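Peer 1: One-letter residues, chain by chain:
Protein chains: 8
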Amino acid sequence: MLRQVRSGKMRVEDAVDSLRHMPYEDLGYAKIDHHRSLRQGFPEVILGRGKEHAQVEGIVRGMLARRHNILITRADAALFARIKKLDRRAAFHKLSGAITIVRDRTIRGKGKVLVVSAGTSDIPVAEEALVTAETMGNRVHSLYDVGVAGIHRLIGESRQLRDARVIIVVAGMEGALPSVVAGMVAVPVIAVPTSIGYGASFRGIAALLGMLNSCASNVAVVNIDNGFGAGYLASVINRL
Amino acid sequence: MLRQVRSGKMRVEDAVDSLRHMPYEDLGYAKIDHHRSLRQGFPEVILGRGKEHAQVEGIVRGMLARRHNILITRADAALFARIKKLDRRAAFHKLSGAITIVRDRTIRGKGKVLVVSAGTSDIPVAEEALVTAETMGNRVHSLYDVGVAGIHRLIGESRQLRDARVIIVVAGMEGALPSVVAGMVAVPVIAVPTSIGYGASFRGIAALLGMLNSCASNVAVVNIDNGFGAGYLASVINRL
Amino acid sequence: MLRQVRSGKMRVEDAVDSLRHMPYEDLGYAKIDHHRSLRQGFPEVILGRGKEHAQVEGIVRGMLARRHNILITRADAALFARIKKLDRRAAFHKLSGAITIVRDRTIRGKGKVLVVSAGTSDIPVAEEALVTAETMGNRVHSLYDVGVAGIHRLIGESRQLRDARVIIVVAGMEGALPSVVAGMVAVPVIAVPTSIGYGASFRGIAALLGMLNSCASNVAVVNIDNGFGAGYLASVINRL
Amino acid sequence: MLRQVRSGKMRVEDAVDSLRHMPYEDLGYAKIDHHRSLRQGFPEVILGRGKEHAQVEGIVRGMLARRHNILITRADAALFARIKKLDRRAAFHKLSGAITIVRDRTIRGKGKVLVVSAGTSDIPVAEEALVTAETMGNRVHSLYDVGVAGIHRLIGESRQLRDARVIIVVAGMEGALPSVVAGMVAVPVIAVPTSIGYGASFRGIAALLGMLNSCASNVAVVNIDNGFGAGYLASVINRL
Amino acid sequence: MLRQVRSGKMRVEDAVDSLRHMPYEDLGYAKIDHHRSLRQGFPEVILGRGKEHAQVEGIVRGMLARRHNILITRADAALFARIKKLDRRAAFHKLSGAITIVRDRTIRGKGKVLVVSAGTSDIPVAEEALVTAETMGNRVHSLYDVGVAGIHRLIGESRQLRDARVIIVVAGMEGALPSVVAGMVAVPVIAVPTSIGYGASFRGIAALLGMLNSCASNVAVVNIDNGFGAGYLASVINRL
Amino acid sequence: MLRQVRSGKMRVEDAVDSLRHMPYEDLGYAKIDHHRSLRQGFPEVILGRGKEHAQVEGIVRGMLARRHNILITRADAALFARIKKLDRRAAFHKLSGAITIVRDRTIRGKGKVLVVSAGTSDIPVAEEALVTAETMGNRVHSLYDVGVAGIHRLIGESRQLRDARVIIVVAGMEGALPSVVAGMVAVPVIAVPTSIGYGASFRGIAALLGMLNSCASNVAVVNIDNGFGAGYLASVINRL
Amino acid sequence: MLRQVRSGKMRVEDAVDSLRHMPYEDLGYAKIDHHRSLRQGFPEVILGRGKEHAQVEGIVRGMLARRHNILITRADAALFARIKKLDRRAAFHKLSGAITIVRDRTIRGKGKVLVVSAGTSDIPVAEEALVTAETMGNRVHSLYDVGVAGIHRLIGESRQLRDARVIIVVAGMEGALPSVVAGMVAVPVIAVPTSIGYGASFRGIAALLGMLNSCASNVAVVNIDNGFGAGYLASVINRL
Amino acid sequence: MLRQVRSGKMRVEDAVDSLRHMPYEDLGYAKIDHHRSLRQGFPEVILGRGKEHAQVEGIVRGMLARRHNILITRADAALFARIKKLDRRAAFHKLSGAITIVRDRTIRGKGKVLVVSAGTSDIPVAEEALVTAETMGNRVHSLYDVGVAGIHRLIGESRQLRDARVIIVVAGMEGALPSVVAGMVAVPVIAVPTSIGYGASFRGIAALLGMLNSCASNVAVVNIDNGFGAGYLASVINRL
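Residue numbers (the working numbering), protein chains in the order written: chain A, 1 to 240; chain B, 1001 to 1240; chain C, 2001 to 2240; chain D, 3001 to 3240; chain E, 4001 to 4240; chain F, 5001 to 5240; chain G, 6001 to 6240; chain H, 7001 to 7240.
Quick caveat, the hints were computed from the structure, so don't treat them as lab data. Because the structure is a prediction, the values reported are computed rather than measured. Even for Gly, the Cβ is constructed at its ideal location relative to N, Cα and C. Don't take every hint at face value.
[To be verified] The calculated DSS-like cross-link candidates involving lysine-lysine, where the alpha carbons are at most 30 angstroms apart (straight line), are: (1) K3094(D) <-> K51(A); (2) K3051(D) <-> K85(A); (3) K3051(D) <-> K5110(F); (4) K3110(D) <-> K3094(D); (5) K1112(B) <-> K7112(H); (6) K6112(G) <-> K5112(F); (7) K2112(C) <-> K112(A); (8) K5110(F) <-> K6112(G); (9) K110(A) <-> K2094(C); (10) K7085(H) <-> K7051(H); (11) K2110(C) <-> K112(A); (12) K1051(B) <-> K6110(G); (13) K3110(D) <-> K4110(E); (14) K1110(B) <-> K7085(H); (15) K84(A) <-> K94(A); (16) K51(A) <-> K7051(H); (17) K4051(E) <-> K2094(C); (18) K2110(C) <-> K110(A); (19) K1094(B) <-> K2051(C); (20) K51(A) <-> K3110(D); (21) K3084(D) <-> K3094(D); (22) K6110(G) <-> K5110(F); (23) K5051(F) <-> K7110(H); (24) K3051(D) <-> K5094(F); (25) K4094(E) <-> K6110(G); (26) K2051(C) <-> K2094(C); (27) K7112(H) <-> K1110(B); (28) K7110(H) <-> K1112(B); (29) K4094(E) <-> K3112(D); (30) K1051(B) <-> K2110(C).
[Claimed, not checked] Quick list of the computed label-pair ranges, beta carbon to beta carbon: (31) K1094(B) <-> R7061(H): 55 to 61 angstroms; (32) K7110(H) <-> R162(A): 24 to 30 angstroms; (33) R1089(B) <-> A7186(H): 22 to 28 angstroms; (34) D4104(E) <-> R3103(D): 34 to 40 angstroms; (35) A7081(H) <-> E5057(F): 28 to 34 angstroms.
Next comes chain A alone, as it looks inside the complex (with noise of 0.2 angstroms):
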């Protein structure tokens, strides 16, 4: 098919076209999907949890023959070493648990991601949300530890929150901070409730519920600890 377009028998728009709806590899315990990165134009994506590190030490294999950047989610010390000696370009987000191999810095999102946090226990999902969204070519900033018991701290960086073109919001316990941080902007806010909190936060559930029966309209909810969802997410509205 590339041949055709090289020779000028098939447009590039129809090549494209056909990439993105070509069929999968099956690989056997898995279908990888090889042009999904193509189809969607995003770096490729292995969710650690529950996988283990032979299985995503494979598949990092796989992917480095191509040219995408690569993340890991919910990785550890360990994998990372590993992966390390599979590139050398390879870095380990701490608090994340995310490891990342950069090998684009092509910046594709229009405008400014802010990733905005509650509460300091909050901060792991949210490096989450700010890893995937810098690794999918956003210039990301992030303001931490503005939760709404403190109000005046939020309306303090309220030119910040004015800057960015999409805003994620971290935050546990009673959830409301989406609500705030929404009211002030006019550009999608995407709200990630986390799992931080006790008692009758029942791991998230209160924060869940706040977010999703917030006042502001500008609103939309992932899931419970979902930075990962939540940086995706922002980069697809980002690029558009």
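With chain A's structure known, arrange chains B, C, D, E, F, G and H on it following the hints.
Peer 2: Just chains B, C, D, E, F, G and H now, with coordinates in the frame of chain A:
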């Protein structure tokens, strides 16, 4: 016993102490506690929810023989018409459905009680709290429609917040307002979740959980829609 | 005001207090935010749920003095009759109960907003999203009755999916549609669970949970039955 | 009784019928049902969850006196070592933790049983279903990693789906796969939710609710992670 | 295509296969799937819940052009009156609210389908299952009011249980009946929880959980009150 | 007081009545109620859950000065070793973790207490009930592994059921056994849900709900895994 | 059989035993258990919830041929009018909606059954328990409106508590009363949670959980609002 | 700054922006609010849950430069060893895990704070409340092991209850104690549910619901196990 007090055989303090623990009067289907208002120095209260009009009327008749204020919660216009005939001073508070018969206007609360509400729909519960606190001898103020998605409205009223000795915050949906208010003051905040909302508000559970997980420490919570309880507790605190 | 300070007519402390934030206009039972539509460049919105007809009519009268589009959600035919008298351009969208007064037909959204729904019963919520997005200046399309149990219907419409810049997916019961749609495109998908279903659908909880756990990463979720919120957020994204 | 059969005094059908309802044998701490496998024509099964190694070993010893296949679920390598000594034919299925001792390879199921799973993490439960069905005398096939966010993978395998007489679909997270599969075939689909996921998956509740609310009508559901039950029921159906 | 079949250019099997995957007919607000009944060999079904009478009448008109049986669930007497005018063969099943138009009395199921219910109040759901299975071409029997607190009633009917090829068990309250029945037979048991009960039955949740946790392995569960689904699935199984 | 009884100044009944209401002895971190066993005629009980070994040992030392039986629930082998040194009569019930020191073997219960359990895994809770009832002076019998999926086992033991004066039924998973047992007898049945199960058993909630919704009326329920409570209540009833 | 008894060929005990296990009479839509009242020595009971008036009337007609007391729960005035025509002895208990036809006033319970309730709103459930126990041949007393927030009322009635052989405690809201009562007596306490309350009472769940977690060990719980069950079980215990 | 405006050195717009709020001090990963203790007149608090020892040590170092009391919650012996080196006045409260550095022993609370607990297992949470209130300058008393199943113990301490100005009641299991206590006094009662219990206590939910539904009106509730919050709020009230 009161004669003993008069004759000096009994100290006043002892008499009050005794009265506080005198047995109740058994009226068959209910054990009416005539000394309750004396013991706690508060008005007589009839929780109207689920009582028949005739029952309420009967109880009010009995209470009128005494001189305390009377508060009937969750009433309606038809009941008010009957109560109005018993005592012309009866007043109907339409939004909350409360009926009051105020016979004693002594201010017993030492400071102001402020009732704050997030949305217009929360006003019925807020008013129940306000009427309760007022009937119990407090100076009360209200501050409505200052939800967290328009945080500048609340900030603009910070002087009012700082003037209060006790604050009641009423909010449905995500229930985030008490945290923000409590972070701006150094007085007790009583949070009242309301059943306002839809979908994942689960009839007030989202707001309740949000308030229980407040990141501000000067907040305590009462039952969903329990404006009366909040007004009562605020009065108890304001008399200290 | 600052000029008053400079000229010495106002004390510094008073100025600080005033400045804390520019006040909104206080209309007694509500603090109407005349600058909201200006600030965010959007129409004026009245959430009809739980407001009385007279209240809504009053608010609309005030809004008509301005030139923005007006959207009233969750209305009925009786309210429409009253609004129609205020402005002949008022239109009633029967399925969703929305009333619109469109005075500005400028297209502000850069691409198409597509509203997809799973079943016929989900259409009211889908229409609310669609009307909202349209009133906010977007070109909108809809694709209804493409539930996942007849996946060939959705596959057959894949071109429509790829033509959209933002997609809203509305589904009740198992809430599986957003995952399937999101896997077929590279744009943001806003998932709206509906309360359609019975038994173990628990008034939309099943669909909500399904969407929060979506295995596609370009999905974010709003509250159950919140078509308005989805349309609003889609518009915010489509203007970026 | 069997002598009566031999001598012709009793018909074979009646004898089988009687055997099916003979009382159990009381082994003190358990009432072992020696006729169970006969009655239902199935292997002897030991649910390993929560049983001690010595207990399981004892039960297996008893069962070896008979000629049926033996299936032990939720075992581990240490238990396998002990069982291996009892019978060299014992095999360990590492992913699901199942141990099988296959002594009878008769195919009793009339068609193929297909086990489909959504994600790699669902494979342990899928394998338990597969091993169960195989030990019970079925031809089984598997189709893994065909989650709904990459729907083209599933479409590409539609022939395999149509070749099966009973289909087991295993999925965690949003549990959407059974609806899609069931819509593509006209045979019974047994849905197995798994506890795979995090946050709002609530250890399989999201998947369970999704499956119970399936918009396809040829779907029934078993307990979360109950691969054994699905394999067992599929075998019961496949023998009809 | 059918001409190709006639002329011998296409094998019948291939034609049926093609028909099974022909696209749907798009009727605007719904994508009616004319080939559905052909594809799956079943009657045309209209789920009445939440559809307006005119809508249902319209769909029935379209279906009458074909020769399949028609089943309308959750209807009422008024709708029946309208349908009766369209086709005199229409019958109304009062307890369950089902309407059937039976035009094809071929028995397609290979054995008997037995519907068992625990209490008198469960009969409407049981009848929906029974009517569905009957309309789909099965010989059906019923066994009502055999709840587990009077276990001798069920034991007394064990022959009926053993005569069935598929059993549907309908129960509310504690939902224990499917386990008992399943333990007495070697055929598949489809359990239908009902919303019958009060207090801690939580509208069928208690029964649903009981059935999902059945200690018998030949049981699978459908949604609360989903008699139709049970009857449908039983028919799918009984045709195998 | 006892001297008054001896001298005839006080009737025995009055003395017992007084003793029943004598104040407790305040031991600082706990108010030990020395008259509790006297008042209720029962042994002294130490709920071991969450108490440190030293604490339990200390309390036992104090109790040994008296002559009642002693029951320690939820203990382990290490604690037993310490208790054994205090009193050689101490016995350890390994399955339930109960330790008993029986010094009074008087039978106080008027009939037999029967403990029935559904599965082998429920035996620890069943044994706790059995040991409690035995230590409290009852003749106890047990009937294990008679779950409802093999109903003939239970039917075969109906004589045992009819011989009991109080029956305790212990069951996890669907919790159906108490209904079946209660329907076969005319005595009180105390149902104990256990946390045995997985997935949708939700650590005993399924069994608890099943038992609360029992269609038999001679059933009452205690907390999940509360074998002690069941044994205690059975003893209270059996002494009546 | 009865003739065999008369002629001495069968012992009375054996006859009773046989009768206890005679099969039921199959009345088509219901299997009426004529021997139920004989077997358990109790009145005939019709649970009125969800039965039509004609159905109940029919069943009563059948029962009148016998001599037992008849109890109909959850009836209304209209049904009572019909029943009154069948038997003039019928009485209507307005608060609980129970209808009784008492034809046998033998006292079968050995002691007193005491029904205690927390609030005035709990009386309907309390009365159902009381009427049930009375119809089943017990001397019953009641003690109403002794909620735990006025603990002196309960203390003042401690003699009444000690006079009972079985105590039923009915409470909504926090459901704390059974624990307090049970701590004051040495007899069995049957706790009945009611759906009285609002907000976080969740229709009786708060009370139910409170009772299941009672720190007193002589407490068992029945379903929410199940006054009948409590009265029935109390009668079973009181006959022991 | 305003002087700069007056003198013309600063533009009005810049001043407005700056004034929006006075900044806090930004310490990178946390925004430490040095004025917080000043503003509210309370000690500096470090919530230890989830913070690393090094982090806590760092924050304490910073705080030691000031003169307020310091409270660290949820610490352990190892952390205490490090803190002890920073300041010899540090004290470790073993049961609750609190560390205090008391440098200011001024009594600021006007009356006594009484901490009441139901069971021995609730003491850790009770002690956290007690230590918090003490560190915040209150005279505190405690009353432990007065659970409602032995109500005479509580009655015996009624004088202590009446001597308090604010009462904190800590209880797990059914959470009934706050209602009883609140009914005996006329001061505010802060209820703290604990996660003590098992089975249907659901880690404190039963106690939480019980307290929210308290039939006494002078009760408010904080999060499960939130002894710190209760002590903090009690201090806020006691300073009024």
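Peer 1: If you test the structure against every hint from before, which numbers come out violated?
Peer 2: 2, 3, 9, 12, 14, 20, 23, 25, 29, 30, 32 and 34
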